[in-house]
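Number of protein chains: 2
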Amino acid sequence: MKSATIVGAGLVGSLWAVYLSKAGYNVTIVERRKDLRKTNISAGKSINLALSVRGWKAFKTVGVDKDIEALAIPMYGRTMHDQEGNLTYQPYGQEGQAIYSVSRAGINCKLMDIAENEGDATIKYNEKCIGADLENGIVYLENTITGEKSEIKSDVVFAADGAFSAVRYEAMQKLDRFDYNQDYIEDGYREILLPANSDGSYKLEKNTLHIWPRGRFMLIALPNEDGSFTCTLFMPHENHEYAFDKINTKEEVEHFFKEVFPDFYDLIPDIADVWENHPLSSLAIIRCYPWTSGKFALMGDAAHATVPFYGQGMNSGFEDCTVMWDLMQKHNEDWPKVFEEYQRVRKPDGDGVQDLSLHNYYVMRDYVADPDFLLQKKFERRIEQLYPDKYTPLYSQVSFSHIPYSKAYSNGMKQDEYMKELMKKHDLNALFENGGIDDLIHSLIGDLQKIHDH
Amino acid sequence: MKSATIVGAGLVGSLWAVYLSKAGYNVTIVERRKDLRKTNISAGKSINLALSVRGWKAFKTVGVDKDIEALAIPMYGRTMHDQEGNLTYQPYGQEGQAIYSVSRAGINCKLMDIAENEGDATIKYNEKCIGADLENGIVYLENTITGEKSEIKSDVVFAADGAFSAVRYEAMQKLDRFDYNQDYIEDGYREILLPANSDGSYKLEKNTLHIWPRGRFMLIALPNEDGSFTCTLFMPHENHEYAFDKINTKEEVEHFFKEVFPDFYDLIPDIADVWENHPLSSLAIIRCYPWTSGKFALMGDAAHATVPFYGQGMNSGFEDCTVMWDLMQKHNEDWPKVFEEYQRVRKPDGDGVQDLSLHNYYVMRDYVADPDFLLQKKFERRIEQLYPDKYTPLYSQVSFSHIPYSKAYSNGMKQDEYMKELMKKHDLNALFENGGIDDLIHSLIGDLQKIHDH
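Sequences listed follow chains D and B, in order.
Residue numbers for the first sequence follow the working numbering, beginning at 139 and rising by one.
Residue numbers for the second sequence follow the working numbering, beginning at 139 and rising by one.
Only pairs whose alpha carbons sit at most 27 angstroms apart, straight line, appear in this in silico BS3-like list of lysine-lysine:
| hint | chain 1 | residue 1 | chain 2 | residue 2 |
| --- | --- | --- | --- | --- |
| 1 | D | Lys312 | B | Lys287 |
| 2 | B | Lys266 | D | Lys312 |
| 3 | D | Lys312 | B | Lys485 |
| 4 | B | Lys485 | D | Lys384 |
| 5 | B | Lys384 | D | Lys475 |
| 6 | B | Lys588 | B | Lys563 |
| 7 | B | Lys475 | D | Lys384 |
Anything over 10 angstroms on all C-beta distances counts as not near chain B; from chain D, calculated:
| hint | residue |
| --- | --- |
| 8 | Lys160 |
| 9 | Arg328 |
| 10 | Pro333 |
| 11 | Ala334 |
| 12 | Gly338 |
| 13 | Tyr340 |
| 14 | Leu342 |
| 15 | Ile589 |
Hints are computed from structural coordinates only; laboratory data are not their basis.
Keep in mind it's a predicted model, so treat the numbers as computed, not measured.
C-beta: ideal position from N, C-alpha, C; glycine also.
Go ahead and model the full structure; you've got the sequences and the hints to work with.
If you want it as structure tokens, here you go:
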């Protein structure tokens, strides 16, 4: 029987096990941690994620989308909170289009269940990868509880073991001509749980992603199924007026939230007490190449870990499954051919999702409350309403389409340049008011369509 | 007694041991390899290096310059060989200025002798660093022959263990917010020994660096004390008309040299036989930050490994010793203060030497035979002759001055831009011929001086 090993029972590893089982592989997953389903540990530091169409497609391909739907809360747009508590709403896309708030642990447990029960995969826990023989498809393991060493050999191995992949670190980084970059951004993050009201209802509008943009830092909130919100504060570690290293005492925490997020503070007046519940974490972009060597391939964060500002880290990992699956079919499971094309075709999109994430980091941080930015977004939405088949804003290309990330990024940069030039020439506010905006769009649509050809 | 451990008995580690001994430290060097002086192994892949004033200064500070002088061959300029065998000569700097060809193994052995005999340092061989406790100054070791594990604890530890530093890999890379980049360039290199004539004389002019620039690839030759030259072919690994992956058989080797380096081929007609004597090697830029953590500091290649195209890899490592030494005095050996300032001040120069190396990679590869480039160099030399105190060409800033690398790089880029604009406006060839060149220089020197303020 064909055999495959997956290193890491996280989101991508668990889903990929379902795919491989479907293709008839005897699948073993080795996981460094305990069984997530039997413990209280978090599967990772970021406990809420935004699922969009690339993720859904990866679920549909192996028929697990219905299982996940039950766990997903649609968010149809973003709601900005200014310092006076005024709200501004921007829909993410067209009528009915949404991204979905999901709990990382929730969908990870579900995918592990499916991999085991429907896919017949075996998951071995507390097995730490301590090395690999890339050419021979061997993973070297050490049990974190017993200390026992073992190895597992299979026809093909997938390292879905995350941003700090042991396979990549222990084996691939030592390869001659292996390019590797880990670059931390100057911001860190800290999570805060905003509990439900005592009757279980939500303290904020449920079906939207909340953002408190403050120039150099921001707070966001995503809804959970139980009425709570998982909130995340992104801010520089140090060297700025507002920075994590300046918020140490309870008084400083309280003063900070009162001053810059007063409407949020009103919802959670014990913020100073809950502040320490989650650790301060760092954020990095990790690029590398090649992604495959011998019988091994990197997938998900192990190949292209990114910062979370486009909500595409998980989605891009799931899309890796779709891409790998299509190539398995195309090359009839001739793995050297599959791997060669996988890394050649997919690496630009790994870079693309990282470029997009960094771009949106700047956008969310610096522009999301900017009147010109909001006007541009309003204008792009109007174009899309009039010509949904001819113009797709960048956010929609990324979140509501399957256009390759690299292509979406280059389209988006060209569109942005075009819009900035256009807004120098035309007073869009006036045109929105006097009703001339549609005529302008009709006159430009030919140009606009040419900007991106997907 | 104050104690220090140095990981790596290479060029920087051995020299730094002399410094620390001078300051009264009990110094232990741990070295992964055998004693270089008792074996035939090469200390590294690149067996010839160009020593310039930054290296000499580091030697002079601890009085070892005389010992090294005996091993160094001055090269006063570069001699270009075109495909027809025509030679063009460019002096490197002003009258008497030279860079020096040295054997890596030769000066390494000499520095080890001095460290042991004059510095009273202890060198332990076959000791592989397998981990480190950064906060407590402990290096964990495994003897590569006996397999015995041990540890060494000291007041301060210096990792001078090269581009693939074990300390950096095993300990620092795992630190939160440690930025790390290893980027291979698309070229590799292969060394070829051009032997002396049977009477021991040199087959090429001795006191010059020979270059055979061929656009996308090049051959260089540096003189050795025994009449031979160490030659290095730099070329893309693949994907080019001329690439290492196209030169496999003896016939292909012979054909390649006959075609593109005919004058060189005439000197070494058995090239096809000696081609395999040295392996094909890769070239990478390795950047990281921070450079210090707890009681550890990275020095030399461990901190800022570069590609060899400015001949500054070794010199920058030696300059790290000078910088660290000055800070030891300044802060009276208060190591936390020394380390903080060392990395803050020196990191931009690590980046600088890498930027310079990459820049010169393109220059040597693409421009060194270009008539405009040669004219620009000739013009810059004339400026320097007329105004040696007011204008220093980039090469001289890097190779004949102690201007920080970062400053030299930014000066150089500004000079280059200025020269390119100038050459659009003035026909320098004509001015050289009709004698008007000096008047032009007199009229420009005010501007030129402003470009770089060192």
